[in-house]
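A.B. asks: Taking the hints as your guide, dock the two standalone chains into a single complex.
So the chains spell out like this:
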Amino acid sequence: MSALLLQNVHLILFLPALTAVVLVTLPDYRLSARLNVASAFVTFLAASSLLIDKPASGSYLLVDDLNIVFIVLNTFVAFTTSLFSASYIAHELETGHLNKANLRFYHTMYQVLLGAMNLALVANNIGLMWVAIEVATLTTVLMVGIYRTDRALEAAWKYFILGSVGIALALFGTILIYMAARPVVGEGSNGMIWTVLIAHVAEFDPALLNLAFVFLLLGYGTKVGLAPLHAWLPDAHAEGPTPISAVLSGLLLNVALYAVLRFKLLMAANPRAIAPGPLMATLGMVSLVFAGLMLYRRSDIKRMFAYSSIEHMGIVAFAFGMGGAVANFAGLLHMTMHSLTKSAIFFAVGQIAQAKGTQRMRDIRGLTVTHPLLGWGLVVGVAAIAGMPPSGVFMSEFLIVSSTVAHAPLLAAPLTLGLLIAFGALLWRLHGLAFGEPTGSLAPVKASSAPLAMHLGLVLAAGIYLPPPLVAWFQHVAVMLG
Amino acid sequence: MDRLDFDIAHMFAGGLVLVSFMLLYQDRLYALLNMFAAQALVLAVSVAWQAYIQDAPHLYITAAITLIFKAIVIPLALHRIVGRLRIQRQVETVVSTVPTMLAGIALVSLSMVVMLRVTQGADVLAREDLAFALSVVLLGLLMMVTRSNAVSQVVGFMSLENGLILAATGARGMPLVVEISVAFSILIALIVVGIFLFRIRERFDSVDLHALDGSKVNRI
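Chains A and B supply the protein sequences, listed in that same order.
Numbering-wise, the working numbering puts 499 at position 457 of the first sequence, and it's gapless, one number per residue.
Numbering-wise, the working numbering puts 123 at position 120 of the second sequence, and it's gapless, one number per residue.
It is possible that some hints are incorrect.
Claimed, not checked - So the derived list for chain B, only partly shown, Cβ under 10 Å to chain A, looks like this: (1) M118; (2) R120; (3) R130; (4) Q156; (5) V157; (6) E164; (7) A171; (8) M177.
To be clear, the hints were calculated from the coordinates, so they are not data collected in a lab.
All of these numbers come straight from a predicted model, not from anything done at the bench.
In this text, a Cβ means the ideal position worked out from N, Cα and C, and glycines have one as well.
One chain only, chain B, in its complex shape (with noise of 0.2 Å):
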């Protein structure tokens, strides 16, 4: 392989996890779904750079589908979601940043120690790809740890996905099946995520929306 093509490629998943953390140190929630969404910006690029130097046209479908659902679509309905229902803006952490970001550190290099150790056999790109996704994922992990609010939780489980994806594309050949299941997984999971943020604001709001929108309460 092309040495260029090959940093390239690295550039791009070490990107990913830069993202990432800067997803643990957000506490505005707008600010977080900008960070989530300019994550899966960096991974619809990604992965489009893998479908171009594997010669892989149906990882183009992928890096689509992460560029409109996950950079576009999703970010946008929770900003109204948030918006709409009055959720508050401040993110509520159950740890605070600089540990959170410390532990961050660590599970960074425990997944380096990890993967380059165990997948002395395979090819460079994808070890390295590997132990960038490993990185990704648990860094979603611990977002989904330290962070109370329901939305945060939802941004780092996407998040986590987005290592996953990162993952299946880095594995030269992996069919398409998986990649187009995840994002479809990410799809149900949104729809399931908007009712539940719906009935949760139905159950723990005050009772005047209740009144003021009764009707609402059966929709589902």
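Isolated chain A, as found in the complex (with noise of 0.2 Å):
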């Protein structure tokens, strides 16, 4: 029943599960670091390789335009994180907030989260996709309250309970879903296979559907970080290992927004269910707005760009929800330049954070004058995440505000409302970090700026040149999301 896919597809799931149980029995950490980079990076060739050699879809697994871009997109990432991660992980151990168990533990850790954001990517069965995203969210737990300290195990605690919580009222909807198919395309597997779903959900009962969107839309809103349920976010961002708060940002929330997305085209291919734009619009406008405001309030530099990371998926659920070509597309693309960009600014944050002893914004200034490479990467990360042009960002944004004037005027003057309130937070805190009478320790960071470099240029480039494949193959994207 299940046809037998092609190598690629079973390579991004198995390469991290391999890579996971060599490391829990390695006891080097340098080793382990580089291995731990060497299986993100043949991860993320697999995965590219599915752009040229795109499997058929089985009962299990499917892949689909839709899922690549966030499978590429993440696996990069994924590969660019491990990178820093290596050097960010040698200097905790040289200062002793962590030890060698914790590492073996940590590396471990780091690919089974990979493996299953990849799982919940590919995956099929809605079932199969709700247990991916579940065990993801249990490692970022673990991994999150690795530093053990009051913070962090709060932290930890918080957001394990809140993500239970989340993944509990994911599960509900799921099983509402396989309810409403079950009449019409039978009991068993069949009901939870998004492929047959997609086919014959225009005759289920729309009753239950909407029911059960309330449901997926509430649990996987949660992991997405959107307003009201956010609040576990900014503390898992501030506590964990920085590494960890770029995977979170740049990759597990959009796993967490595909799978919304997947049950959004369920409900958009029944004519009587309700509409679910409107929904996920409200929560996007009510994130950007709050976590906007709550940018002016924040004394911990980690916390800040966590509630950043609030606003911009605000803002590409918002773009989802608006629907049309041209909200679709610029949300693609933002939800995109995103993860680049907080990741980057995260691994700038990592590395400032560890030069100076501290994550508190009062004691850092002045860092294009100590550590001027840091500085300025981190000047031109938060300009382009705070939308100045040329940035990818800029782009995005611009595209969104355009499209919601052109089809709803009256959210145009709120949304605007948003962007301006959170770009002047991020200018005003980047001028304190930034500029000023240097403060703190001069000792020069070890760490590699690669990652750094590489995630500015691409924000960058994408700013001033979209390349024609990329840009026709979102636009495909944006139509089949309606």
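C.D. replies: And the structure:
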């Protein structure tokens, strides 16, 4: 019954799993870090090969134009983050924040997380997708708590509780989808296979579908970090190791968003069900404005960028909620740009926090003087995430605003206001961090700045020139999203 | 479907809601754990009954997993943790009992109204099971919100997952993947919880304990 897929899909699932098994047994952390990077790189190559050689979908795995975008982006950021993590982690070991046993655990969990996220992205069975997201959540919970300080434990606990509730609500929604499907497609696993569901969804009972979508949106929305279910996100970002903050912001939020999009497609294909767009757009707008305001009151640098992630996921959810070819295109572009830029910012922030020995913004000043490379990297990154031209974020935000003006002029005002609030907060904070009287340690950082440069280069390049094949691809997906 | 079969299934599902209510007003940890074990027991019986009337042998496995892990292993483990770590036996509540119970009643009526109205097309057993399951889920959530203690939050979470299993087994022919994974997730959750309680204890308790078992700190 399940057609055997081509090797590259299996590779992005088995390679992380296999590496995780090897990493458990490997005592030398330097070797583990290298293996981690190598494995992430090969996974990225395998994922890229999906672009050329797209396997047919079976009853468990599905590869279509929508999820390839997510998979390639995911594996790329995972690879660059593993590069950053290698130098970051060595420093944590030197300063005694982590010991060797912690590191072995950390590397293993990193690969488990990658495998789980890839599985969530390629799963055709909605139950399997749920399991994968649950595993990804649990591994990140463990990683957030790895420093074992009071605050790290509290953050991990909060994340565990809120994440589990979200995931439980999502499971209830999944069960309801099955209940809606059963009278039409029959009993058994057919009722959980996404490709079967989308083919028959027009005949499903709309009331059950509506209820299911509410649970799924709230459940997976918790993992996306949409307000008012975002409470876990700033703590988890601030207290865990910085590479994990980068992975959470750049990847895991996207994976949860992908799940929401899949179910949005289902809803849109049933003409009698409620339109899912306005619900998503509302949550997105609330997150954007709320997080924008919260940005002003942060004192911890990682916490501030966590709120910025909530803001940007709000923008993306809003764009997909608006729908239409332009808004969907902009949503996809914005998601990609946010992943690249935000993880780059976390790379910079991680090195800054290590160099200065603190995450308090009050104690970090004059970075462009003390650490020119890092300081200017941060300046470019924050300017890009705030939406200054010529970054890719500017382009996507511009498209979202112009599409909103065209389709729902009333919403354009709060949207623009939210963007401006966040813009102001970020630039204001950036000024304090990067310029002014230098404070703190002047010790140079040893970490490599290659991942940071790579990401920022891509974001700037995207703002100036998007390759036509990429544009065509995104446009195609945007039409598919409806 | 046989009328009697239906009534019995109905009774077990209703019993689960009742036990969920009883979880709400327990004010001592041990009593709470015992009540959770009782809830898992009712769930196991209910799942086994579903397996019998649906003629779905794989549900027996789910029933067995529920019985062994949730009714026996997990409560025992939590008993030990509570005893060994000398966690305070009294449950601290954020909201007192009466408002909590009233909120619980409101939630159950809400889920009845919503589910029965929405699922008019579905078959009778499934829709009533779903309404009960949603009640258990909401009561579990309520418990997590109104308790500040870590152990009782975990119990609230597991009671919530019990509601999910009830929903999954009520959906006729739902593939096994899901039930196993739910059970599995509970297991992982327990491991996580165990580790956490350990670490929380490590951090928040007095320095003596730290000095006494300094070796334990690096164990995980």
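A.B. asks: Are the hints correct? Go through all of them and say.
C.D. replies: Consistency of the hints with the structure:
1. Interface hint status for M118/B: upheld, as the beta-carbon distance to the closest one in chain A is roughly 8 Å, under 10 Å.
2. Because the smallest distance between the Cβ of R120/B and any Cβ of chain A comes to about 8 Å, under 10 Å, the interface hint for this residue holds.
3. Taking 10 Å as the C-beta cut-off, the interface hint given for R130/B holds, the closest approach to chain A being about 9 Å.
4. For Q156/B, the shortest C-beta to C-beta distance to chain A is roughly 6 Å, which falls under 10 Å, so the interface hint holds.
5. Given hint, V157/B at the interface with chain A, holds; its Cβ is 9 Å from that chain's nearest Cβ, closer than 10 Å.
6. Among the interface hints, the one on E164/B holds; its C-beta lies about 6 Å from the nearest C-beta in chain A, closer than the 10 Å criterion.
7. Look at A171/B: its Cβ gets to within about 5 Å of chain A, closer than 10 Å, so that hint holds up.
8. Proximity of M177/B to chain A holds as hinted, the smallest CB-CB distance being about 6 Å (cut-off 10 Å).
In summary, this structure violates none of the numbered hints.
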